[in-house]
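S.K.: We have chain C; now place chains Y and P onto it with these hints.
The lines below spell out each chain.
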Amino acid sequence: MRYPTFTLPFTIGLSFVLLYILVIWTIWIVRLSRREQKIVWKRLFTLRTIKAIWESFREGLLHHNIYKKNAVLGFMHMGLAFGWFMLIVLGNFEARLYPHGVINPPYYPIFFEFFRHDLTPLHEYEEIFTFLMDFFLLLVMTSIGLAFFKRFRSRALGMRRTTKHILIDRVAITALWFIFPLRLFAESVTAGLYNTGHFFTNFLGQWVIYNLPLDYLYYPAWWAYSISLGVFFIALPFSRYMHIPTEILLIFLRKYGVKEKNNHSTFTTIELNACSRCGICIDACQLSTTLNISDTQPAYFLRDLRYSKPNERLRETCMLCMRCLDACPVGIEVTQIRKNERNEFPLFGTSNYDYLSEHKYPKAKVAYFAGCMGHLTPSVIKSTLALFDEAGVDYTFIDKDGSICCGRPLQQNGQVDAAKQLIDKNNTIINETNADVLVTSCPICASEFKHNYRLNMPVLHHSQFLNDLAKQHKLTFKNTGEKIIYHDPCELSRGLGITKEPRELLKNSFILEENKKNTGEKSLCCGGSLGITNTSLPQKMAIASDAVFQLYDGKTNLLATACPMCKKTLAMAQETVKVLDIAEVMLNNLEPKKKKVQSQKEPAEAEVLS
Amino acid sequence: MIDFGYTPMPITVHNMDKADLSLAKWLAERDETFNHCISCGSCAATCTAGKFTDFSFRELTHSIRRGEISKAFSESEKCMLCGKCILVCPRNVNTRNIVMLIRKANQIFKP
Amino acid sequence: MKEVAIIGGGVTGLEAANKLAQLGYTVTIFEREKTPGGHVAQWDRLFPNRRNSMEVVNEFKSHLNGNPAIFLSTAIDKISRKGARFTLEAKGKSFDADAVLIATGFELFPAEKKEEYGYGIYDNVITSAELEAMFKEHGYPVTKSGKQPQRIAFIHCVGSRDEKVSRPYCSKVCCVTAVKQSIEVKEAIPSAEIYCLYMDLRMFGPGYEDLYKEAQQKGVNFLRGRLSETSELEDGRVLIKTEDTLSAKPLKMSVDLVVLMVGMSPAEGTSELIAGLDLKPNKDGFVEIIDQHINPVKTKAEGIFTAGACTGPNNITDSVNAARSAAIEIHQYLSSK
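So the protein sequences, as listed, match chains C, Y and P. Residues in the first sequence are numbered consecutively from 1, following the numbering used here. Residues in the second sequence are numbered consecutively from 611, following the numbering used here. Residues in the third sequence are numbered consecutively from 722, following the numbering used here.
Chain C extracted, bound-state conformation (with noise of 0.2 Å):
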């Protein structure tokens, strides 16, 4: 047999992909630190790598994430990635079964129908592996047909926005787009000449252009289809399509443990190009749903730190709310990302907070922090220390005459050096309340006390405290029957996994008027994020108000959140619902004890309370 010509493309473009491929990944997993390779070694023939198989196959073919969240868009992938991998499978299998085909070049497989015209060879597998590979090219066709319509139709496919992609993208998804109705039309022309399709390829060959000059044509398809192909296979490296190959390889490194550290590091390259430009993560943004702020979310963050480096703006323009990190499909560690980013901008000094050296606290056994913004909020810590002065509670207002802000802010815009001697200081001056457990009411402060200090105690938010204490009946409430919403704020929720606390909290009282789009993980951010800076006072209030009337179903006007800075920014934003802390409501509800206590008075009790 002749060397097929028309393969070329396709086999230099298969060669130079994986070639590729083959030494970015050993770049790479060289590049990983010491300690990295270890405990990658140290798991690999573990159970881990059996998950990580399993998981591959779940996200990167079947994409079951993105089922989760959007049914058709999970499918478009699916039909995409599983359909071209089983036509893949489907092929080598064929050419296999084929008499004296064991030994096949790569091409062959590919271009099986070029080559063999005559499929009885395959005997009672013929009917079967045409009928499968003609349903696995429609399912791919189906998929391509969505993606078509997505690009110009977004909305319909449940996606506000969809990712603008720069020229390398374009290229590779045009040639994409290409390789299936071209792998079609060549196969439908040569099942029209000589019937080796089946429902599909047999039909159209046969009943739908079967009077194109189908002798010319055949040549011609092949080649375009195998040109396809090839351009696809060069652009790949290059393009969005990079994440075809690296996502296998993340979920490996994730799955023995590997994460993003507190600066850029190889693994961060690996998510950067493990990153599909997909767009989920733009409509899971506030900027962009409510602010039209579009062009600076992780698809586009991500890309530009691939290639080169995201401006200013690029950079800045995020809350550190996280919705984008929940919603990822690929679950690339995006905030960390953009932090580690804004880390290598420092524009603070290193002795800027000398000042601060004469601080102290004074010593508790439950130490109560308000933090910064719980003193613009003095009914959360009114409430809080009633409910604390209820339940009896030995408790010492650490901060009552002001406090080191946590570090948060700083940290969370670049400014880690300078964030450090904040938290250096405060963390010295807690450990030397000795107390038995910190309790905050900012849950800023309370993910940058569990997540940065080395505190000699544990860090309750008021809202777990208050439901321990509830449960341990020190505290009782009145159940009122009324609706009542709650706002999960982010630090909390997705900073900290705090969600199931204040609503356990706030069932003693009230029937949860739950949304469930926006609710625990996947709540709305208020607005007020510290996280950002250059988002104006008015646009911060469009969030907050757009974040209350997601909420908001008109059954109550009565709306709980456990943050300072969320209360005061939902309350500023709009007047129809009444946003209250948690805390406040609860003393709202608050079954007076006192009487109970006089009147059950037993002596031993009596002896321990004096």
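Read the hints as simulated data drawn from the structure, not as lab findings. You can trust all of the hints, since none of them are fake.
With a straight-line Cα cutoff of 27 Å, these simulated DSS-like cross-link-like pairs (lysine-lysine) come out:
(1) C:400 to C:363
(2) P:868 to C:382
(3) P:799 to P:1004
(4) C:360 to Y:661
(5) P:970 to C:425
(6) Y:714 to C:420
(7) P:865 to C:382
(8) Y:681 to P:973
(9) P:1019 to P:799
(10) Y:661 to C:365
(11) C:517 to C:555
(12) P:973 to C:363
Bear in mind the structure is a predicted one, so any value in this text is a computation, not a measurement.
M.R.: Frame of chain C, contents of chains Y and P only:
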């Protein structure tokens, strides 16, 4: 050192004919709320840093408007970015953004 | 005889009614509250001369002798146009009129919206209106525990000039009210130490500046700085924090009583009421007039006029002038028909 019987006096007059208002202009171009201040002092009063040191956002921006740039750069570093001032400003001045801009200007402008 | 309906029986509504009745129209006032006189009737004494406010209210009320008639405790639910006439609905009844004057006045800013000021949270944080009520009741202010306060802070601009609570405008009268009240407190409790925390003192009217000087002469302290936050001390006193902007230093002080000079907010329900006439409130939420200079009492809707504090913060002089101006305007409108 020769003693002339007097020492140079610190500048006690704002000479607006010679004042360097380039930073004020630069900031206002990047954040228009820079010019919205009515000097009510809410920011300085609520300031977390202001409790420990003489840092005052109001004074900082005011001195920039009078051309005292080098002082502005050293002062702005005392800010903790905690964001309380943003929540109390009656004129919606984007205080944190302005502090960040001043810090950026510190790297761009040569005082 | 042509009929004019006036919504609101404060000084504006009463005075416009009086003039319109004199011009020969049948006038009916609809007042939401149980008594006429609006906010003025709630006040003890008026600036700048500290005249008893009931003197003024009674003067305006004295003309209520059948025409103009007044319906008390009658809130208008709806106004609709019917050809050249209007129908007003209240309590299930309807009233017809040839022209309508909107004189619904203002609402005091709900001080609890400035949470950091502690109103509704701390016992000894009160509003300027509550201080007036204390003057009316015993002639001097008292703390929650019934004592005479020895140190009092008046906080200017609460709910005025504040974009954080969507009240970016100046309420005009609070500065001079604070100065008036500070003098009254000083007269009632000579030993009291009084501080006025202001951003700018807007003493624009005749006699206002004199009043300011009088306050200074009586020992009232003026402190240029806006309140930023408060906290409560164990003995019930309130710790207030501000910046003494003139010396550029943060300032804190514990006081027995904090008086919040609440500003003027658009009256509740007025926007909804005028919406039925295709009238939109202005950007601050008050009734929009067609021209600030040339015609300050006309609205975009023909036959609908407006006057007083429902068009924006006003003092009594401005309101009474607007009421008379509206009466002339309505007269011209009705006689040209």
